[in-house]
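As they're listed, the protein sequences go chains B and G. Here my numbering is used: the first sequence runs in plain steps of one and ends on residue 603. Here my numbering is used: the second sequence runs in plain steps of one and ends on residue 334.
These are computed hints drawn from the structure, not numbers from a lab. Positions of the beta carbon are idealized from the N, C-alpha and C atoms, including for glycine. Honestly, I wouldn't trust all of these hints.
Stated by the list, open to error - Simulated pairs of lysine to any residue, SDA-like, Cα-Cα distance not exceeding 20 Å:
#1 B/K456 with B/F478
#2 G/K307 with G/H198
#3 B/K538 with G/A158
#4 B/K453 with B/T539
#5 B/K453 with G/C122
#6 B/K353 with G/C122
#7 G/K159 with B/K564
#8 B/K591 with G/C122
#9 B/K428 with B/K353
#10 B/K202 with G/C122
#11 G/K124 with B/V251
#12 B/K348 with G/S220
#13 B/K456 with B/R470
#14 G/K159 with B/R470
#15 B/K175 with G/A96
#16 B/K564 with G/A158
#17 B/K564 with G/H240
#18 B/K591 with G/S220
#19 B/K175 with B/E317
#20 G/K154 with B/K476
As the list claims (entries may be wrong) - Simulated coverage check for chain G against chain B, where a stretch passes if three residues somewhere in it have a Cβ under 8 Å from a Cβ of chain B:
#21 84 to 97
#22 158 to 166
#23 180 to 191
#24 219 to 226
#25 230 to 241
#26 321 to 333
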Amino acid sequence: MKTPFLRWLFVLSVALGLPIFSLLAFSQEEPGYSVWSLWLGSHYTGYEDFSKKVGEFDRGKEEAVPEISLSFSGYRGDQSLDFFGHYYDPKRISFSLTGRSKDILSGLVSYRSFYRQRATDLLENLMAREAVDQENNPGGKMFTYEHEVPDADFGYTRHEIESDFQVKVPGSAKFKIIAAHRSILEKGDDQKVVSMHCSSCHMVSKSAEVDRRTHTVSAGIEIDPGPLFLSYIGTFRSFKSEAPPPEEHYDRAEHPVKDGDPTNFASNVIFHDTLIAFGQMSENQKMAHTLKMKTEVGKSKILGSFTNTQAKNKFAELKIESNSGGLKYVFSPNLKTRFVALASLSRIENDEVPIDLPAWRGGDPAQFDYIRYSNLTRTIAKASAEFIYQPHRKYRLFFSAGYEGTKRDDYPTYGADGKTTKLKFSAGAKYRPNLRFSGRFKYFFENTDDPFSPYEQLFERSGKTLGSPFYYFQRDSLRYGSITNQPTNLHGVDFTINFRPNRKTNMSAGLRASLETNGETDSLDFERTKLQPQVSANFAPTPRWNLFGSISYAYDKSNGLAVVAMMDG
Amino acid sequence: MFKFLKRPIRKNPAGWVLVFILCLFFLPAVYVMGGFPPDAVEVGDELCSACHEEVSEQFQENIHARLSVGDENTCEACHGPGSAHAEEGDLTLIYNPPKDYIATGMNLCTNCHKGVAFTSWHGSTHYETAEGCSDCHRVHSEGKHLLAKQEPQLCFDCHADKRAQARMPSHHPVMEGLVSCVDCHSVHSGDVKYTVGDEGRELCLSCHTSLQGPFIFEHEPVNEDCGICHDPHGTVADKMLLQNEPFLCLSCHPMHFHVTLTGYVNEPGEEKFEVRKHPERGGISTRDGVKRAMLTKCTQCHSEIHGSDLPSQSTSGEGRALTR
Numbered sequence: 035m036k037t038p039f040l041r042w043l044f045v046l047s048v049a050l051g052l053p054i055f056s057l058l059a060f061s062q063e064e065p066g067y068s069v070w071s072l073w074l075g076s077h078y079t080g081y082e083d084f085s086k087k088v089g090e091f092d093r094g095k096e097e098a099v100p101e102i103s104l105s106f107s108g109y110r111g112d113q114s115l116d117f118f119g120h121y122y123d124p125k126r127i128s129f130s131l132t133g134r135s136k137d138i139l140s141g142l143v144s145y146r147s148f149y150r151q152r153a154t155d156l157l158e159n160l161m162a163r164e165a166v167d168q169e170n171n172p173g174g175k176m177f178t179y180e181h182e183v184p185d186a187d188f189g190y191t192r193h194e195i196e197s198d199f200q201v202k203v204p205g206s207a208k209f210k211i212i213a214a215h216r217s218i219l220e221k222g223d224d225q226k227v228v229s230m231h232c233s234s235c236h237m238v239s240k241s242a243e244v245d246r247r248t249h250t251v252s253a254g255i256e257i258d259p260g261p262l263f264l265s266y267i268g269t270f271r272s273f274k275s276e277a278p279p280p281e282e283h284y285d286r287a288e289h290p291v292k293d294g295d296p297t298n299f300a301s302n303v304i305f306h307d308t309l310i311a312f313g314q315m316s317e318n319q320k321m322a323h324t325l326k327m328k329t330e331v332g333k334s335k336i337l338g339s340f341t342n343t344q345a346k347n348k349f350a351e352l353k354i355e356s357n358s359g360g361l362k363y364v365f366s367p368n369l370k371t372r373f374v375a376l377a378s379l380s381r382i383e384n385d386e387v388p389i390d391l392p393a394w395r396g397g398d399p400a401q402f403d404y405i406r407y408s409n410l411t412r413t414i415a416k417a418s419a420e421f422i423y424q425p426h427r428k429y430r431l432f433f434s435a436g437y438e439g440t441k442r443d444d445y446p447t448y449g450a451d452g453k454t455t456k457l458k459f460s461a462g463a464k465y466r467p468n469l470r471f472s473g474r475f476k477y478f479f480e481n482t483d484d485p486f487s488p489y490e491q492l493f494e495r496s497g498k499t500l501g502s503p504f505y506y507f508q509r510d511s512l513r514y515g516s517i518t519n520q521p522t523n524l525h526g527v528d529f530t531i532n533f534r535p536n537r538k539t540n541m542s543a544g545l546r547a548s549l550e551t552n553g554e555t556d557s558l559d560f561e562r563t564k565l566q567p568q569v570s571a572n573f574a575p576t577p578r579w580n581l582f583g584s585i586s587y588a589y590d591k592s593n594g595l596a597v598v599a600m601m602d603g
Numbered sequence: 011m012f013k014f015l016k017r018p019i020r021k022n023p024a025g026w027v028l029v030f031i032l033c034l035f036f037l038p039a040v041y042v043m044g045g046f047p048p049d050a051v052e053v054g055d056e057l058c059s060a061c062h063e064e065v066s067e068q069f070q071e072n073i074h075a076r077l078s079v080g081d082e083n084t085c086e087a088c089h090g091p092g093s094a095h096a097e098e099g100d101l102t103l104i105y106n107p108p109k110d111y112i113a114t115g116m117n118l119c120t121n122c123h124k125g126v127a128f129t130s131w132h133g134s135t136h137y138e139t140a141e142g143c144s145d146c147h148r149v150h151s152e153g154k155h156l157l158a159k160q161e162p163q164l165c166f167d168c169h170a171d172k173r174a175q176a177r178m179p180s181h182h183p184v185m186e187g188l189v190s191c192v193d194c195h196s197v198h199s200g201d202v203k204y205t206v207g208d209e210g211r212e213l214c215l216s217c218h219t220s221l222q223g224p225f226i227f228e229h230e231p232v233n234e235d236c237g238i239c240h241d242p243h244g245t246v247a248d249k250m251l252l253q254n255e256p257f258l259c260l261s262c263h264p265m266h267f268h269v270t271l272t273g274y275v276n277e278p279g280e281e282k283f284e285v286r287k288h289p290e291r292g293g294i295s296t297r298d299g300v301k302r303a304m305l306t307k308c309t310q311c312h313s314e315i316h317g318s319d320l321p322s323q324s325t326s327g328e329g330r331a332l333t334r
């Protein structure tokens, strides 16, 4: 199915096929039931100070807009058909169609679309010039900007189409075939900003077409012959942007201060005086195979899974391959005790890339060619154990401990050769004296040894061995220490109580709080506090009415010492 | 290996943990009966509906009733033989699945609800902490998936902290009804952090597919964990960032050295600095101008922050500044 026409034909066939199938099924002389509803209405949005951010997913027009929804639900015998469709505005439409025949065939087709308003960065902060020098001449370094489309209203519409079919093979109810499809199409335009001057930072804002297409197809089988359950799912996903990347002319390299000397700066840059593409979205593909099993042996349940994935960047011809396997063991020696153990091992390998770069200022000895290793290449091992004990029907106790180790092949973190070790612990209790009241308390703790921290970071590379003179980028090792926003310790509590005085009323209150700290780096002490209390009440006088109210408060505070640059370039 | 056992227990954290576990097993226990009442026989749906009229009427539109058309013992398929209960009217003489689940952890629903979606149900946190399927599902009702409430309110009842986050300025459109919790979370699975299928970054990439890579020029936190910069449940900062720029960036990176340049200050009577390309957009540069330019939003220049296949212009930056 290489053309949009064929893809739409496929979707249309499915959409039409299900109701026809169901109507045929309904012709049988069996007891049936159907109900449908049509809702007509309108919505109006009024605003005086429209903020695009607030209206990111819910941009209203300042007018009354008609709205309609239709639902149908029916069954005859053991065939059923359900439909729900909603038209909010031309860019927000959704429908779903579900059909089922006996317990053998079930299918779902759904569509949803919405418009996402994109904010426009006015770039107004980018207007500045370096201070005067000793002769009172204004500095050469400047920041300027320009909007090619000053009044642009950026945004795109997202369409998502999904289908899911499950068929049990007639005569063999223990063998099921699964097929699913999902497409995401995003069309519109968005703001793209690029620097186009070397001698001064001149930023250009352009309008770039958005035409992103993602297609996912999966198929598999489930076999349930008895004590052993097996399933396999194969999934293929592709992404492609049909919109060409925007282009801009990048100016001739000139030194911003030294009389615009081109020889000084031209060799500092990889390209200049040329038309460059930017904001490119490379085509990629991903293939995944997942095998799962489950079996029961006595009072134990054993679950296993294995997944192999390959992700490819078609433009750069790069590949990520991963293999991961996991086992879960659930043991219930009696009705009051359960033990759950988990273990998994994953290996991810990301291709290395040789990068060729021009030499620094021609005659200098520095060579910037390097091999791009990836911190994604890693081995991850996890293990955990959990005890659940219910000494009395009124309360239950939990206790768990876990380990997670990540070893990055080519990416050192501060103080450890690429290895991060995490230990987790949690304990809690649940109390439920009767069906009206319940309470739950949980304490959790995580200790991380050498959490992820950026290495060599975003801009200049440290540790170069060069001859004289001493270039500014060589001072990076002086500036860059161990900096991270990842905690070494995390303490948290989660507390909830629920009161249900009668079948129609429900009240709850809770608190979740956590404290994350990291005082072990040499450049930054990090601390993050979260506090989230809440109360809510719910009243359902009839099955069709549900009144509820809630108050939630979220407090999130991070403290971190920012590192001050040690030189001015 | 077991050196910790030799230390005095009052100075031994591992010992305290061991004592804690042992205490759990020696707490007073009360025997709780589970299972169907003995000696009872099936009586049929008609007799049940004679007393439970409201539930019975509602149940006729229920998927369980539809699938058991022609079966006269639909109620007793889950509640067990009802003769003793019908004769005595005693609530304890009929099997009540939710009560049994609370008391013993036995789950009748999973006898039928198997399949790949329930492969990891046993031992998952929802399995262990919820009061059973009836916490979320009303098995006699007629609603979609027999849910007690519609999403996301159902989820927010327990995960109330997410309710607050979903209303923050930057969020996935959950409250708008355009994305639902189960798009990301597998409530029956419990595989890894309840996510559907993939774990961590791979989950995010199932929708944000353009960022899959692998890219030639990478931003390492993107490989590590999207949660280093983003909170998918909602934040005050733009783009669901944990903090606004540049503070988030500065928690891992030092300030750009250009930021220490001071701005150009005009002396009284001098001409104001005007932007070269667009005089009509001219403005004034102050000492704070450079700082404002360099310390407002890093992604104005480093726009391809998630990774790129195209080199950036600086040679000393090795082309990996993620500016194009």
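Checked hints:
Distance check on the hinted pair: B/K456 and B/F478 sit about 13 Å apart at the alpha-carbon level, within 20 Å; holds. A hinted pair counts as satisfied when its Cα atoms are at most 20 Å apart, and G/K307 with G/H198 does not qualify at roughly 41 Å. Our distance criterion of 20 Å between C-alpha atoms is met by B/K538 and G/A158, whose separation comes to about 12 Å. This hinted pair does not check out: B/K453 and B/T539 have alpha carbons roughly 51 Å apart, beyond 20 Å.
With a C-alpha separation of about 44 Å, the suggested pair B/K453 and G/C122 falls outside the 20 Å cut-off, and the hint is violated. Restraint check: the Cα-Cα separation between B/K353 and G/C122 comes to about 41 Å, which exceeds 20 Å; the hinted pair is violated. About 28 Å separates the Cα atoms of G/K159 and B/K564, which puts this hinted pair outside 20 Å; it is violated. Under the criterion of a C-alpha separation no larger than 20 Å, the hint pairing B/K591 with G/C122 is inconsistent with the structure, at around 47 Å.
Between B/K428 and B/K353, the direct Cα distance comes to roughly 53 Å. Violation of the 20 Å bound is thereby established for this hinted pair. With a C-alpha separation of about 15 Å, the suggested pairing of B/K202 with G/C122 holds against the 20 Å cut-off. At roughly 23 Å between alpha-carbon atoms, G/K124 and B/V251 are farther apart than 20 Å, so this suggested pair is violated. Of the pairs offered as hints, the one joining B/K348 and G/S220 holds, with about 12 Å between alpha carbons and a cut-off of 20 Å not exceeded.
At roughly 39 Å between alpha-carbon atoms, B/K456 and B/R470 are farther apart than 20 Å, so this suggested pair is violated. With a C-alpha separation of about 18 Å, the suggested pair G/K159 and B/R470 falls inside the 20 Å cut-off, and the hint holds. Proximity of B/K175 to G/A96 is assessed by CA-CA distance (about 90 Å); at most 20 Å being required, the pair is judged violated. Distance hint between B/K564 and G/A158 is unfulfilled; the C-alpha atoms sit about 30 Å from each other, more than 20 Å.
Proximity of B/K564 to G/H240 is assessed by CA-CA distance (about 15 Å); at most 20 Å being required, the pair is judged to hold. Annotation: proposed proximity of B/K591 to G/S220 is violated, straight-line Cα distance about 32 Å (limit 20 Å). Distance check on the hinted pair: B/K175 and B/E317 sit about 38 Å apart at the alpha-carbon level, beyond 20 Å; violated. This hinted pair does not check out: G/K154 and B/K476 have alpha carbons roughly 32 Å apart, beyond 20 Å.
With 0 residues having a Cβ less than 8 Å from any Cβ of chain B, the region 84 to 97 of chain G misses the three-residue criterion, and the hint is violated. As drawn, the region 158 to 166 of chain G meets chain B at 3 residues by the rule of a beta-carbon pair under 8 Å; at three or more, the given contact holds. For the region 180 to 191 of chain G, the stated coverage by chain B holds: 4 residues have a C-beta nearer than 8 Å to a C-beta of that chain, and at least 3 were required. Counting residues of the region 219 to 226 of chain G whose C-beta lies closer than 8 Å to any C-beta of chain B gives 7; at least three are required, and the coverage claim holds.
Counting residues of the region 230 to 241 of chain G whose C-beta lies closer than 8 Å to any C-beta of chain B gives 6; at least three are required, and the coverage claim holds. With a threshold of 8 Å between beta carbons, the proposed coverage of the region 321 to 333 of chain G by chain B holds, since 13 of its residues qualify and at least three are required.
Going down the numbered hints, you'll see the structure goes against 2, 4, 5, 6, 7, 8, 9, 11, 13, 15, 16, 18, 19, 20 and 21, while the others check out.
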